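Engineer: Letter by letter, the chains look like this.
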Amino acid sequence: MYRYDEFDHRFVAERVSQFRDQAARRLSGELTEEEFRPLRLMNGLYLQLHAYMLRVAIPYGTLNGKQMDRLAYIAEKYDRGYGHFTTRQNIQYNWIKLEDTAEILEKLAEVEMHAIQTSGNCIRNVTTDQWAGAAADELADPRPVGELLRQWSSLHPEFSYLPRKFKIAVTGSPHDRAAVRVHDIGLRMHLNDKGERGWEVIVGGGLGRTPFVGVTVRDFLPEAELRAYLEAIMRVYNLYGRRDNKYKARVKILVHELGKEEFQRQVEAEYARKPATNVELDVAELQRIETYFAAPAYEELPKFSTGFENARIQDKEFAQWVKVNVAHHKQQGYAIVNISLKPEGGIPGDATAEQMRVVADLGRRFSFDEIRVSHAQNLVLPHVKRDDLYTVYIALKAHNLASGNIGLAGDIIACPGLDYCALATARSIPIAQGISRRFADVKRQEEIGPLKINISGCINACGHHHVGHIGILGLDKKGEEYYQITLGGSSSDDAAIGSILGPGFAADEVADAIEKILDTYLGLRTGPEETFLLAYRRVGEKPFKEALYANH
Amino acid sequence: MSEKGQVLTANRLRDGEVVFLTRAGTWSENIDEAALAIEKEAAAGLEAQGAKAVAATLVTGAYLFDAERKDGHVRALHIRERIRTLGPTVRMDLGKQAEGTAGAFAALD
Chain Z
3 MYRYDEFDHR FVAERVSQFR DQAARRLSGE LTEEEFRPLR LMNGLYLQLH AYMLRVAIPY
63 GTLNGKQMDR LAYIAEKYDR GYGHFTTRQN IQYNWIKLED TAEILEKLAE VEMHAIQTSG
123 NCIRNVTTDQ WAGAAADELA DPRPVGELLR QWSSLHPEFS YLPRKFKIAV TGSPHDRAAV
183 RVHDIGLRMH LNDKGERGWE VIVGGGLGRT PFVGVTVRDF LPEAELRAYL EAIMRVYNLY
243 GRRDNKYKAR VKILVHELGK EEFQRQVEAE YARKPATNVE LDVAELQRIE TYFAAPAYEE
303 LPKFSTGFEN ARIQDKEFAQ WVKVNVAHHK QQGYAIVNIS LKPEGGIPGD ATAEQMRVVA
363 DLGRRFSFDE IRVSHAQNLV LPHVKRDDLY TVYIALKAHN LASGNIGLAG DIIACPGLDY
423 CALATARSIP IAQGISRRFA DVKRQEEIGP LKINISGCIN ACGHHHVGHI GILGLDKKGE
483 EYYQITLGGS SSDDAAIGSI LGPGFAADEV ADAIEKILDT YLGLRTGPEE TFLLAYRRVG
543 EKPFKEALYA NH
Chain A
145 MSEKGQVLTA NRLRDGEVVF LTRAGTWSEN IDEAALAIEK EAAAGLEAQG AKAVAATLVT
205 GAYLFDAERK DGHVRALHIR ERIRTLGPTV RMDLGKQAEG TAGAFAALD
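Chains Z and A, in that order, are what the protein sequence lines are.
The first sequence begins at 3 in our numbering and counts up by one.
The second sequence begins at 145 in our numbering and counts up by one.
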């Protein structure tokens with residue numbers, strides 16, 4: 003894992019003391035809310051529906067046990083005993099006091115964490131594949147590039163006041179688990195014939211009120227050029243991004259208004275000026291960073307683990323959980339454990355302080371002290387010996403952390419919605435809970451197969467409903483919540499924006515509607531290997547529309 | 145019989161707690177104690193008091209919302225404000241509804 007150097011420590015400590023002073027000046031009345039608002043947002047402090055909300059950055063979703071313990075401590079001491087893991091691999095606390103915030107930031111700094119750039123019109127927390135460094139299909143760990151970009155974008159004076167927020171995702175795997183096509187910039191690693199690493203650069207993807215799949219502006223950018231090239235993109239965006247209209251200010255609008263060719267031409271022209279000449283420095287810096295992400299000291303293990311196989315035979319529930327939640331690891335004898343934060347009827351992404359401590363402890367004992375947060379609002383223990391899987395499972399189960407639904411109907415992504423969010427137009431969580439209960443039976447979920455249900459409580463799309471295989475968008479119609487359903491979205495290799503199926507539904511009709519959609523799918527699929535998304539793409543919306551609206 | 149009008153709400157600056165302006169000009173955590181402005185002029189008066197409290201750094205983000213008083217209780221007309229005066233509907237153990245300062249209604253009523 004990356005460790006702060008002297009510079010990182012100093013700059014985070016400086017930010018804490020700056021914020022302490024700013025908050026004191028706000029409380030004394032020296033600063034007005036208008037003056038203070040951008041300052042608190044630069045430190046992740048929002049004012050939400052019930053209270054202040056603090057969003058803490060978890061760079062590329064990687065943290066260690068000590069950090070997770072600290073998140074638990076903050077949940078208990080300064081909040082209401084829980085936190086909410088987000089689709090940007092961060093954590094949010096919902097009941098924070100302004101007068102405590104500087105102290106919280108100080109506690110975070112002690113474990114090399116902060117809340118900088120989790121809000122505001124800057125480059126936000128860089129996200130990546132939650133299986134980075136562990137996935138069997140990976141070309142190379144994308145996190146060193148994530149860290150390079152974090153260092154580059156942190157407090158970058160030129161990019162601290164962009165037209166709008168800016169989100170970057172990075173993947174080192176041919177199977178995109180980081181949703182790179184729906185980010186402002188998505189980076190995807192490729193290898194050339196010589197085995198050298200290069201990056202496909204995708205720009206202008208995004209969700210929100212105007213969703214777009216990004217366009218590829220470079221197929222294979224040599225790794226050494228990455229920062230300089232991204233700088234060129236940022237400069238074109240910074241100059242021409244629509245500052246006159248908040249709703250048209252994201253880079254996706256610029257890319258799609260200019261068209262791919264013209265945007266590309268401008269970026270290449272800016273890049274050709276070579277304003278950044280210190281490319282060699284990047285290579286040396288990347289090599290330095292890479293040493294922090296060296297593979298852990300794996301043991302040489304046999305392919306077959308007797309203990310694991312016996313447990314699988316004796317405990318059917320464990321076998322089922324393994325089948326769904328455990329993924330292949332690049333190292334023989336190891337596995338990736340996905341911890342679902344989506345228990346039946348639960349709140350997607352929420353974890354209690356106690357659960358955080360359990361995961362911290364398991365990470366330390368069984369996963370080389372590494373934990374990940376996924377953009378699907380789950381947690382991951384990336385490097386667990388197959389011999390240890392049963393022990394880990396039993397510990398997880400004791401704390402309601404062993405739901406076997408990763409990638410299935412119960413693994414719903416949902417924003418906090420109107421239960422917490424000041425911008426929301428409808429609630430998201432109760433809709434997720436209703437669907438989760440409806441499809442609680444694991445066998446039924448398995449029969450349905452891979453499915454992504456995404457729920458947003460407003461058009462800003464924090465629940466990524468546009469890229470859900472089934473997307474649900476909560477809106478307000480004359481004071482009543484109602485929900486629009488979209489089908490056919492995807493955030494993966496086959497990225498697509500879902501299409502609205504028809505008129506919306508009342509809150510208590512949504513679970514029924516989803517059930518009808520899925521029953522229709524089960525009835526028309528060619529076989530279990532034809533997933534919901536494939537079937538939808540084959541048959542289109544008609545059968546689903548007929549099933550839903552026949553009697554409407 | 146119910147009276148319809150507007151209530152002024154804000155967040156208390158130091159801790160973010162949702163509060164309502166009372167007839168006495170103080171800020172209460174309980175919507176039942178809120179002043180309900182029936183007339184436009186009265187609402188403007190509440191806003192003026194709110195602006196003073198904002199300037200005095202007691203509260204932040206003051207705004208009016210539609211509400212009604214029935215049987216001595218004040219109820220927000222829109223679901224957003226009802227949730228804000230109660231707490232999350234998915235965590236009945238949190239917020240005003242758990243602290244005994246909630247309004248005498250349910251979010252979905």
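No lab work stands behind these hints: they were computed from the structure.
Mixed in with the good hints, there may be bad ones.
Said to hold, decoys possible - No farther apart than 25 angstroms at their CA atoms in a straight line, the calculated lysine-lysine pairs in the DSS-like style are these:
| no. | chain 1 | residue 1 | chain 2 | residue 2 |
| --- | --- | --- | --- | --- |
| 1 | Z | Lys332 | Z | Lys305 |
| 2 | Z | Lys480 | A | Lys214 |
| 3 | Z | Lys399 | Z | Lys68 |
| 4 | A | Lys148 | Z | Lys480 |
| 5 | Z | Lys99 | A | Lys148 |
| 6 | Z | Lys276 | Z | Lys305 |
| 7 | A | Lys184 | Z | Lys480 |
| 8 | A | Lys196 | Z | Lys479 |
| 9 | Z | Lys79 | A | Lys240 |
| 10 | Z | Lys99 | A | Lys240 |
Predicted model, so just to flag it, every value in this text is computed and none were measured.
Engineer: Now tell me, hint by hint, if it's right for this structure.
Structural biologist: We went through each hint and held it up to the structure:
Between Z:Lys332 and Z:Lys305 the CA atoms are separated by roughly 12 angstroms; this keeps the pair inside 25 angstroms, and the hint holds. This hinted pair checks out: Z:Lys480 and A:Lys214 have alpha carbons roughly 22 angstroms apart, not beyond 25 angstroms. With a C-alpha separation of about 22 angstroms, the suggested pairing of Z:Lys399 with Z:Lys68 holds against the 25 angstroms cut-off. Distance restraint check for A:Lys148 and Z:Lys480: the Cα-Cα separation of roughly 17 angstroms lies within the 25 angstroms cut-off, and the hinted pair is therefore satisfied.
The hinted pair formed by Z:Lys99 and A:Lys148 fails the criterion: a straight-line CA distance of about 33 angstroms is larger than 25 angstroms. Between the alpha carbons of Z:Lys276 and Z:Lys305 the distance comes to roughly 50 angstroms, so the proposed pair goes past 25 angstroms and is violated. Straight-line distance between C-alpha atoms of A:Lys184 and Z:Lys480 comes to about 22 angstroms, which keeps the hinted pair within the 25 angstroms bound. In summary, the hint linking A:Lys196 to Z:Lys479 is not supported, as the alpha carbons are separated by about 34 angstroms, beyond the 25 angstroms threshold.
A hinted pair counts as satisfied when its Cα atoms are at most 25 angstroms apart, and Z:Lys79 with A:Lys240 qualifies at roughly 19 angstroms. Distance restraint check for Z:Lys99 and A:Lys240: the Cα-Cα separation of roughly 16 angstroms lies within the 25 angstroms cut-off, and the hinted pair is therefore satisfied.
When the structure is compared with the earlier hints, violations turn up for hints 5, 6 and 8 and for no others.
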